[in-house]
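Asker: Sequence:
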Amino acid sequence: DAVGEDIKAVIGKRDLDVISFLKNSLSRADLKRLTSYSHQDFERAKLEAIVAAEQRMSAFKVCWIDSKLFQSLEAHRVEK
Numbered sequence: 001d002a003v004g005e006d007i008k009a010v011i012g013k014r015d016l017d018v019i020s021f022l023k024n025s026l027s028r029a030d031l032k033r034l035t036s037y038s039h040q041d042f043e044r045a046k047l048e049a050i051v052a053a054e055q056r057m058s059a060f061k062v063c064w065i066d067s068k069l070f071q072s073l074e075a076h077r078v079e080k
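Numbering (this note's numbering), first residue to last: 1 to 80.
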């Protein structure tokens, strides 16, 4: 009977070790998934920021060209 209890204790400890290992593995897998998800979000946000900066620069260039054109036309009108 004592041997049976020892075997149960060993098997129970091994089962607890396996369960603990599985829980840790799942936790690490979740962390990796969250980390890669966060990395993907960061990369997407970075690309969106680059696109937004390019759009602002493009709008600035258009305004600057329009301003220069307006100044040139105004100067030409004043000369006449």
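Worth double-checking, as some hints may not be accurate.
Unchecked claim - BS3-like mimics (lysine-lysine), calculated; alpha carbons at most 25 angstroms apart, straight line: (1) K23 / K13; (2) K46 / K68; (3) K46 / K61.
As the list claims (entries may be wrong) - Quick list of the computed label-pair ranges, beta carbon to beta carbon: (4) G4 / A29: 34 to 42 angstroms; (5) I50 / Q71: 44 to 52 angstroms; (6) S38 / G12: 33 to 41 angstroms; (7) R77 / E48: 28 to 36 angstroms; (8) A2 / S38: 28 to 36 angstroms; (9) E79 / R56: 53 to 61 angstroms; (10) L73 / A52: 44 to 52 angstroms; (11) F70 / L31: 36 to 44 angstroms; (12) V3 / S38: 31 to 39 angstroms; (13) D15 / H39: 44 to 52 angstroms; (14) V10 / I50: 41 to 49 angstroms.
In short, the hints are calculated from the structure, not lab data. All C-beta atoms in this analysis are idealised placements derived from N, C-alpha and C, irrespective of residue type, glycine included.
Asker: So does I50 sit 44 to 52 angstroms from Q71, Cβ to Cβ?
Answerer: violated, 31 angstroms
Asker: Can the suggested window of 28 to 36 angstroms be confirmed for the beta-carbon pair R77 and E48?
Answerer: violated, 43 angstroms
Asker: Range hint 44 to 52 angstroms: satisfied by the CB atoms of D15 and H39?
Answerer: Given about 36 angstroms between the Cβ atoms, the range is violated.
Asker: Does K46 pair with K61 here, judged by a C-alpha cut-off of 25 angstroms?
Answerer: Holds: K46 and K61 sit about 23 angstroms apart, inside 25 angstroms.
Asker: Could you tell me whether the CB distance from L73 to A52 stays inside 44 to 52 angstroms?
Answerer: violated, 31 angstroms
Asker: Mind checking the alpha carbons of K23 and K13 for me, to see if they're no more than 25 angstroms apart?
Answerer: Answer holds: K23 to K13 is near 15 angstroms, not above 25 angstroms.
Asker: If I claimed the Cβ atoms of S38 and G12 lie 33 to 41 angstroms apart, would that claim hold in this structure?
Answerer: At roughly 38 angstroms between Cβ atoms, G12 and S38 fall inside 33 to 41 angstroms, so the hint holds.
Asker: Quick check: does the Cβ-Cβ distance between E79 and R56 fall within 53 to 61 angstroms?
Answerer: violated, 35 angstroms
Asker: Does the Cβ-Cβ separation between G4 and A29 fall within 34 to 42 angstroms?
Answerer: holds, 37 angstroms
Asker: For K46 and K68, compute the direct alpha-carbon distance and say whether it is at most 25 angstroms.
Answerer: Violated, because 33 angstroms separates the two Cα atoms, which is more than 25 angstroms.
Asker: Range hint 41 to 49 angstroms: satisfied by the CB atoms of V10 and I50?
Answerer: violated, 59 angstroms
Asker: So does A2 sit 28 to 36 angstroms from S38, Cβ to Cβ?
Answerer: violated, 53 angstroms
Against the hints set out earlier in the document, violations occur for numbers 2, 5, 7, 8, 9, 10, 11, 12, 13, 14.
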